[in-house]
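*Asks:* Residues per chain, in single letters:
There are 2 protein chains.
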Amino acid sequence: MEPETLQPTQRRLANAIRALAMDAVEAANSGHPGMPMGMADAATALFTRHLKYDPADPHWPDRDRFVLSAGHGSMLIYALLHLTGYARPTLDDIRNFRQLGSPCAGHPENFELAGVETTTGPLGQGLATAVGMAIAERHLNAIYGDDLVDHRTFVIAGDGCLMEGINHEAVGLAGHLKLGRLIVLWDDNKITIDGSTDLSRNEDVMARHAACGWQTLEVDGLEAGKVGQALDKAIADERPTLIRCKTVIGYGAPNKQGTAATHGAALGKDEVAAARQGLGLDPNEFTIPADVMDAWRSAGQRGSAERAEWHRRLDASKRKADFLAQLEGKADDKWLKPHLDTLFAGAKPVATRKASEMALEAINAAVPWTIGGSADLTGSNNTKTKGQDALTADNYAGRYIYYGIREFGMAAAMNGMALHGGVIPYGGTFLVFADYCRPAIRLSALQTARVIYVMTHDSIGLGEDGPTHQPVEHLQSLRAMPGLEVFRPADAVETAEAWAAALANDGPSVLALSRQNLRPVRTKAAKENLTAKGAYRLISAAAARKVILIATGSEVEIALDVAERLEGQGIGADVVSMPCTERFDAQDAAYREDILPDVSNRDILRVSIEAGATFGWERYTGLHGLRIGLDRFGASAPAPDLYEHFGLTSEAITPKILERLGK
Amino acid sequence: MEPETLQPTQRRLANAIRALAMDAVEAANSGHPGMPMGMADAATALFTRHLKYDPADPHWPDRDRFVLSAGHGSMLIYALLHLTGYARPTLDDIRNFRQLGSPCAGHPENFELAGVETTTGPLGQGLATAVGMAIAERHLNAIYGDDLVDHRTFVIAGDGCLMEGINHEAVGLAGHLKLGRLIVLWDDNKITIDGSTDLSRNEDVMARHAACGWQTLEVDGLEAGKVGQALDKAIADERPTLIRCKTVIGYGAPNKQGTAATHGAALGKDEVAAARQGLGLDPNEFTIPADVMDAWRSAGQRGSAERAEWHRRLDASKRKADFLAQLEGKADDKWLKPHLDTLFAGAKPVATRKASEMALEAINAAVPWTIGGSADLTGSNNTKTKGQDALTADNYAGRYIYYGIREFGMAAAMNGMALHGGVIPYGGTFLVFADYCRPAIRLSALQTARVIYVMTHDSIGLGEDGPTHQPVEHLQSLRAMPGLEVFRPADAVETAEAWAAALANDGPSVLALSRQNLRPVRTKAAKENLTAKGAYRLISAAAARKVILIATGSEVEIALDVAERLEGQGIGADVVSMPCTERFDAQDAAYREDILPDVSNRDILRVSIEAGATFGWERYTGLHGLRIGLDRFGASAPAPDLYEHFGLTSEAITPKILERLGK
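Chains as they are written, first to last, in my numbering: chain A, 8 to 670; chain B, 8 to 670.
Bear in mind the hints are in silico, worked out from the structure with no lab data behind them.
Computed from a predicted structure; not experimentally measured.
Take these hints with a grain of salt, some might be off.
If several chains are the same, the list does not tell them apart, and a pair holds so long as it fits within one copy or across any two.
Unchecked claim - Below 30 Å or equal to it, Euclidean Cα-Cα: the simulated BS3-like pairs (lysine-lysine) are:
no.	residue 1	residue 2
1	K185	K197
2	K185	K253
3	K540	K361
4	K393	K197
5	K253	K233
6	K337	K197
7	K361	K197
8	K276	K361
9	K327	K341
10	K233	K197
11	K361	K337
The following block holds chain A by itself, in its conformation from the complex (with noise of 0.2 Å):
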């Protein structure tokens, strides 16, 4: 290394991280400059010395993954990017900040910019999705070795993120794995929006990291060189390490800092001149010393070699094939394709969550990128297959995660194992539970993350556990959610085919699987994957059709006998399984016209049949259509009872229809 006469100090590489942040926010009028100011000395000792990453390959399998859970600080991550070289964010996309077209969001979108490993923003999420990222680096360092997989996972979370719930359950899983790759700089500002962190917490934070097992280390997070020492003693430490950097929120804005003022708005252009004067910067808005950029570029060029030597270390691997496929991780219709035969050839009566793990012990024995887990409801999730080791902190190999009663947690981890790469994350809880981890569906919705959330009991067909674990509204508010494709297939071939599909998919997918026993109904139709189509005729009328009945998953069996005593009384009635009502919404006009031909034809009547809100049905039976379902909360009974109770039945229905017809 270089004396550090020599070069700029790191003081004045922060500085300019400062100077980008305060520029960005002023020019845009919005953004959040307090945070970068006051972690850009500890962000420039951990890019600038222990980061291992090369902006010429953002994409480098064993670059260490950077995380800035408090995203709001975007500009923290535009500016280190930017400074080390990456090809973007250039200085205009930087200009550009929070304007259409930039990749310079306001909060960080790894779908924007090469060296966003995540997009952060929602707090606690970040810190979270770290933790799964982290448990596919050792599970793919545990197959694969440290020639080709040895990296960490560094993260910076603020208070908001320690404070949020998931934190909890992302540092106890994170502690109980042993995960000590993963490192959170914790940007200790005492600050929050409203204020002083004294009005709301009196916790003592790192007392309870160390409860979970992890190393906690304190700094004073202006001073680069202390920053740079705790990072020593972190990756030396076997366990996960919170490095907590004290620091003042806004550092360098003379008159705002160490206040909330800081944290969301644009300073004003007389404090930033202020600033700019205090800190020594150049007097010129988006201007960086030369000596400065050249040190920033120096740093950013310290993996190169390290990455050279990574390359040649691959080709020289035996298991070069092997890993190149497992990060491309394709999916291939051939994993399921035997179980699919042996369905057709006979399938018998089964819950689709058994279905599922039929279907998982096909997947899980055909490939071995899958990990699997459940939020402490296997035995009911169907999410274990034979032969399937845990995932632990001895055993980094296993492919099976006990995650504990944590659905946020795990939600947000697959997310980051999906991010990572090599794995394909799957876990199960309740479907009523998808609420607890909402949040990391949505973000794995936005980041068109491959998670598979194998969701079960989905309707009142669980039955005596009651309304507080009946989904109702569950199917319809997620189905409601862009970029998420929701299955609930009505039998075993069905909920291969979702697998399938899902397996398939660049984004998530929930599979909602039913807790009862279903009998097949798809053998009735063809070998292709209609599943995938999202809804297909599965029976068509005998009689003149006057009645088309939709339904999904459990219904599916309930519209056929409907459709029987239909039939029975001379009347057509045509049965359309929907699956998928994202993907049959995605089919060209000629096959929906197919399935449901024009809604204004008045004499055939749409009826839609599913144990959930009919809000949202409207789409498919139109207004003139019946949409059967459930509009409020269930109860505490068997599931026969409830069905009959809630007119679930083809009994209950069937004169609805018939009175609807004025017959």
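Fit chain B to the supplied structure of chain A, relying on the hints for placement.
*Replies:* For chain B alone, coordinates are given in the frame of chain A:
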């Protein structure tokens, strides 16, 4: 107190709980015997010696609150209520455990049984709700003094409750507010559904609570006497207390105790018989020895004298009328009348979040019953009014809570406050973070708890913060939830009307409010509360009506502009403002038909305009209508740029309508 020798031992009392739990689960062949059997002794200690209650008046305002946070162990509370002499559940109710019509639902439901203070089952929420009850108690105590308000909140929580993220928020909030009246009995049985807690947790739970300022105690949970001593210590201490009760799940089942097998399934006939023998129980099911029943009933009468004393104090109190009115909490239109009169006299453009603050100024001045707060977005949610002091450990009389970055904890605490009675809680966050507290919103709805969620920044109109902060699917996903009313007002008048409607609601309401200024629109219509009708005709077509524009919130002013453009071309257009779809759906057919005439009339095109998911709007436009919205995630840019980019302007919408009309 009688000498111990003259009454059955505590263990015999506890075994009556065990017997009922085993028998009820066996009869239903469904349920969770393990927890009641493990915690029977601890619960006996609490209900026979410490808990202040009177089965003759379950709603006695100064009773202690008991929350079974580990709600799956519902037979514990059903047994306790029956044994101590509550009118319900009867033994027949218990025999019908988990059957349709029995109040003994799978999980305890406060709307089924007096004595059940809150509906539990979704893990972690019971405890977090109890925090709100403890806050309400201290607040009312600060106002009315020990004579009228002097009770405690006791919780039984399992490992699931303590692992859930919300636990971190609840424990942090309770510690910060020094809620010494909150006492949590932790059923430390080392078992979760998946097996040993070692599978998923290495945490020192006690240390984590101590880190938040809790007292922590540890006892043998199978010795009622020891638990009683710990309860004495807890009651004597000023801090909230966690009592670690070391127990054995399913205690008494000779072959299954201590294993996950006792958690969630009937023990089986033979195991029950063996347990009965080992515990010295009557060999017949549902049979309690007379002396044990007498002892329980006697314990249940302990509070009767105290309640009589309390009533005497209440009758003697000068504050009696105030106290009773506050407990009743009946909303009054006059709270907002002067404010509304001012608005009708001349409103200015204002963001509806600001309009909400204006309404709150009137409400908080008119009535001292409200307790506001925000999850660290006070200045953004506009939830704090002039002179509203903070509710803190030093000033429980305050009426504003800095909840910290704890959306879920806030929501659950608000449920607790509403269920406790005597306060009307409202709290703020961004609408996008409704996802973070969604499980608690669901419990607000299920329990018809009057909680008012102030959710601002309700669309891409928030601008630069980008897609992580821009709600898209949230309005529809909340509208899909039974029992919840979502108000999205268009201006200051509608905002005040929405507040009036929300206050008058039995159940919860969400106010979805804009960040950006909106021009006054409502002055064009009548003075009665039209928002309470859910939708109303804001303007009638001038030319022959060809179009009905239906809009909510910030899009109403756009609809007005569109109407003007259409009328300019001789096309008549109504504008319907629809601030609350659920309320509109509840109007009679004549009203609905007047506002939205039969959709089959193809001469009239219905168009919905809402800056969010169009999914579900078919209910109001019909399939042949037009739905203007946003069916993808947003972007980071100034709000006007986004509205233009996504085609949410009158310039972009009008041509689409003209095209559809064939013009």
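*Asks:* Hints broken by the structure, by number, lowest first?
*Replies:* 6
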